[in-house]
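**Q** Residue numbers (the working numbering), protein chains in the order written: chain A, 1 to 337; chain B, 1001 to 1327.
Wrong hints could be hidden among the right ones.
Claimed, not checked - Below, a list of computed lysine-lysine pairs in the DSBU-like style, where the Cα atoms sit at most 35 Å apart: (1) B/K1072 to B/K1189; (2) A/K160 to A/K176; (3) B/K1086 to A/K160; (4) B/K1074 to B/K1064; (5) A/K71 to B/K1189; (6) A/K160 to B/K1074; (7) A/K195 to A/K176; (8) A/K71 to A/K89; (9) B/K1064 to B/K1189; (10) B/K1074 to B/K1086; (11) B/K1189 to A/K89; (12) B/K1072 to A/K160; (13) B/K1072 to B/K1086; (14) A/K160 to A/K192; (15) A/K176 to A/K192.
These are calculated hints, taken from the structure and not from any lab test.
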Amino acid sequence: MTQYFIRRLLESIPVLVGVSLLVFLLLHLIPGDPAVALLGERATPERIEEVRDQLGLNRPLYEQYFIWIGKALQGDFGETINGRIPVSKELRNRFPATIELAVTALIFAVVLGVPIGIISAIRRNSLIDTVSMFGALFGVSIPIFVLGLLLIFFVGVRLKLLPFIGRLDPDIELEKITGMYVVDSILTGNMKALKNALEHLVMPAFALSTIPLSIIARITRSAMLEVLNQDYIRTARAKGLRSYRVVMTHAFRNAMLPVITIIGLQLGALLSGAVLTETIFSWPGIGKWLFEAISRRDYPIIQATTLLIAVIYVAVNLGVDLLYALIDPRIRYSGAE
Amino acid sequence: MDTVAKPVALRPTFREMSSRRWESAKDFLKRLWRSPSARLGGLLVIITVSLSIAVPLLDDYDAKRDNNLSAKYKPPDCVYQWIAAKFSDTKEDDVAWNDVTCDYPFGTDINGRDIFRRVGHGMSVSLRAGVFSVAIALTVGSTIGLVAGFISGFLDSLLMRIMDIVLAFPSLLLAIALVSIFKEGGLEKGMFAIAVTQIPRYARLARSMSISIRNQEYVTAARSIGTGNGSMLLHHVLPNSLAPLIVQASLGLGTAVIETAALGFLGLGQRPPHPELGKMLAESQVGLASGKWWLMFFPGMTIIMIVLGFNLLGDGLRDVMDPRLKK
Chain A
1 MTQYFIRRLL
11 ESIPVLVGVS
21 LLVFLLLHLI
31 PGDPAVALLG
41 ERATPERIEE
51 VRDQLGLNRP
61 LYEQYFIWIG
71 KALQGDFGET
81 INGRIPVSKE
91 LRNRFPATIE
101 LAVTALIFAV
111 VLGVPIGIIS
121 AIRRNSLIDT
131 VSMFGALFGV
141 SIPIFVLGLL
151 LIFFVGVRLK
161 LLPFIGRLDP
171 DIELEKITGM
181 YVVDSILTGN
191 MKALKNALEH
201 LVMPAFALST
211 IPLSIIARIT
221 RSAMLEVLNQ
231 DYIRTARAKG
241 LRSYRVVMTH
251 AFRNAMLPVI
261 TIIGLQLGAL
271 LSGAVLTETI
281 FSWPGIGKWL
291 FEAISRRDYP
301 IIQATTLLIA
311 VIYVAVNLGV
321 DLLYALIDPR
331 IRYSGAE
Chain B
1001 MDTVAKPVAL
1011 RPTFREMSSR
1021 RWESAKDFLK
1031 RLWRSPSARL
1041 GGLLVIITVS
1051 LSIAVPLLDD
1061 YDAKRDNNLS
1071 AKYKPPDCVY
1081 QWIAAKFSDT
1091 KEDDVAWNDV
1101 TCDYPFGTDI
1111 NGRDIFRRVG
1121 HGMSVSLRAG
1131 VFSVAIALTV
1141 GSTIGLVAGF
1151 ISGFLDSLLM
1161 RIMDIVLAFP
1171 SLLLAIALVS
1181 IFKEGGLEKG
1191 MFAIAVTQIP
1201 RYARLARSMS
1211 ISIRNQEYVT
1221 AARSIGTGNG
1231 SMLLHHVLPN
1241 SLAPLIVQAS
1251 LGLGTAVIET
1261 AALGFLGLGQ
1271 RPPHPELGKM
1281 LAESQVGLAS
1291 GKWWLMFFPG
1301 MTIIMIVLGF
1311 NLLGDGLRDV
1321 MDPRLKK
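The shape of chain B in the complex, shown without the other chains:
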């Protein structure tokens, strides 16, 4: 005897929805984990991001008061001191493991400031600046792109021509030119300038997504039941164009961190004495010819670590989220 079939719910319940979401999130992370570049990149990003959050919270650093001229240009001690002693030609340089001090693991600069500490704070500054500029560029750029692509017509042409003009400049050059306008303000103007130069990338990407989604059947279906433009953009176009935008944002973060540091290097970013990685590199040039390598080495490696992390993660994300782009 057949039992009466239970009525099938047309709309999934909240519990079903959330469990479905959880399943797809788990599946996504699993696929991400399989990509070696995403694994390494994710690890680097987690390390750099958590350090950048932790350092300013745990260590109260007053850059204006930080100078200790008696400790000027001290080479790194700690592990480096021990290794250097082991490879030294003369026996007198040899130090026992117990005698190794750990006052300045990254050495000190011309003002006797601890580079380890300054790299920690500088990293936090660079990363924050990068995240802010990408956040601005992503928000503004994808809004422009999604609206332009969806509405099309005159507004679309106008916005895209403006984007063409911005894209006609090499990005760092435009950022430099924009920053040079303002005399006041350090890091903020750099963040703003970098955001402006990055907007077109997101706008173009979002526009192409928006155009391809506009003609999908589910959009026509939604329109036929009377969904308005705003609701359509928010509920259909935006969610379906997120994947490539997120991939672009991860890759864009690496660029933004490099460009923030480049502006700092050119003296257009964070004002002294506040630490910032690019600025520290610019200051390191003075000691380079006399062999003070640690001034440049540690801030440089930190930038590479941050950027490499985001680039690896972005590559991994692209492979997983958007297999079409994988070549």
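So here's chain A without its partners, still in its complex pose:
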């Protein structure tokens, strides 16, 4: 077991190095002098030289990489080109907002997707099954930004049910502890802020959750169908176990593996989907920040956010693999051979 863990951990190192190299090279793939490209043609020579120095552009490429990655590992991503504030400081402010959004979306997706998948599998080819599977296909086919705009218009503008800009109404005060407003308002016992934060969170989280929700529902259904055909399910039924018990303890536990994998994989979709969702709902997370940075060509921000998301993605996939091995002994034994 430990052997498998160590091997899997070591395997992810080259991937992480490759990822960091690619992110590092982004800046150097820009045609021409990156410093000029960042600052524009009208920048003063002094400022250009300053930025060249800040980015370390005067050194050999490999040296630049080691300096950059060394600083990045310590959480130092340099200063933003516009405004010249430390990237890491702003990252700390914005990251909790994205996590709050992504985790809420994932909760929606799992809480709705898994039961839908189970019910569809049990009532195979029924109306419920057909409708939910078409719904799931529709869910993967509707882009986040289309759904987001539809929600804003119907729920926000027409029905005026929910707010659709930002995380909190401007007149509401909240002491920030974690930066996740829902958590903060619970910690400080601020019920007014909690209600407001939740209202702001519902629509963007739902828009973000549709794709993972649909995929989780589809995978749960197919995994359940496979398990429900097994002999031990027939045995359990023949023993006279209640249907609920058969489904939950015998079938679902065995169908859980592919479901867990797919939940892990959805985190990537959630994090990149956050770029679109945050832009539409003016959600001040790292996705919106990345979007703004791209239009201003602020590369330290682009590099920091891209690297952060990719590293999280790799880490989650690694975590899923390890969890998988923990649950299913067959995997770690086949890995040891």
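Given the structure of chain A, go ahead and fit chain B onto it with the hints provided.
**A** Just chain B now, kept in the frame of chain A:
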């Protein structure tokens, strides 16, 4: 008395071959037709693809000259006008069927441009971009995968590690990062970026097919009569790994269309004033709060229609071509 048996041809004649092919194609289409999702998806794909080909051919559209400020923000007329009048509370709004005009079936935008026309051209652009990026990704990815799987060894490990790195990024994020490098060029760089992010899917799939085919008896047989690597890849490995690749391509087209539109939405695709569905959606945000729903509704529905078509078709194709994947 027994008649002398005719000599049996070892190789089928051309006519036999083509009739056999025709038979299997007919059989394939018949099975495809039986799947409801393939039927609906195929229909949607045929509609969207033929419109995308027809619109630019039939309608000469000059985006740079298209503005008509006197017709700014006109709501849709035509069928919508009639329906809206029927559901209106006040009697004065009621219009007779004959009085319904059909100048702007989808309404107009801030510059008074006809959204119906722009959706038509934008759809063509989005679909073309999607097809190109999938074509690039499919070609490059399956070449990498088939060769890597067939040859194995160092090259295989190297290529697959590179694919792992590309896969370590969420695809849209990598596309955004790649596009942000280039200042010039609109749609092309988006197509290129999306293609890069999709390559690993085809490479991995093709590699797994290639590895399983490598050990088949017919490959050993072909090798024993002296077939070379190149010929083997082209005549044995490629044809036998096509089915899953085609299924993946159909599903990948939906993703590529969404991602093209997403890049357009973020301002990284087609440059204004040229129409593109994602760009149109981004522009529609301005009018949303004041209730101008048509700016967003029609381009949005068009994207959904295209993507749903390819996803349904891909699902149907998978069920028919690769029953092993059907669960």
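**Q** Go through the numbered hints given earlier and state which of them the structure violates, listing their numbers in rising order.
**A** none
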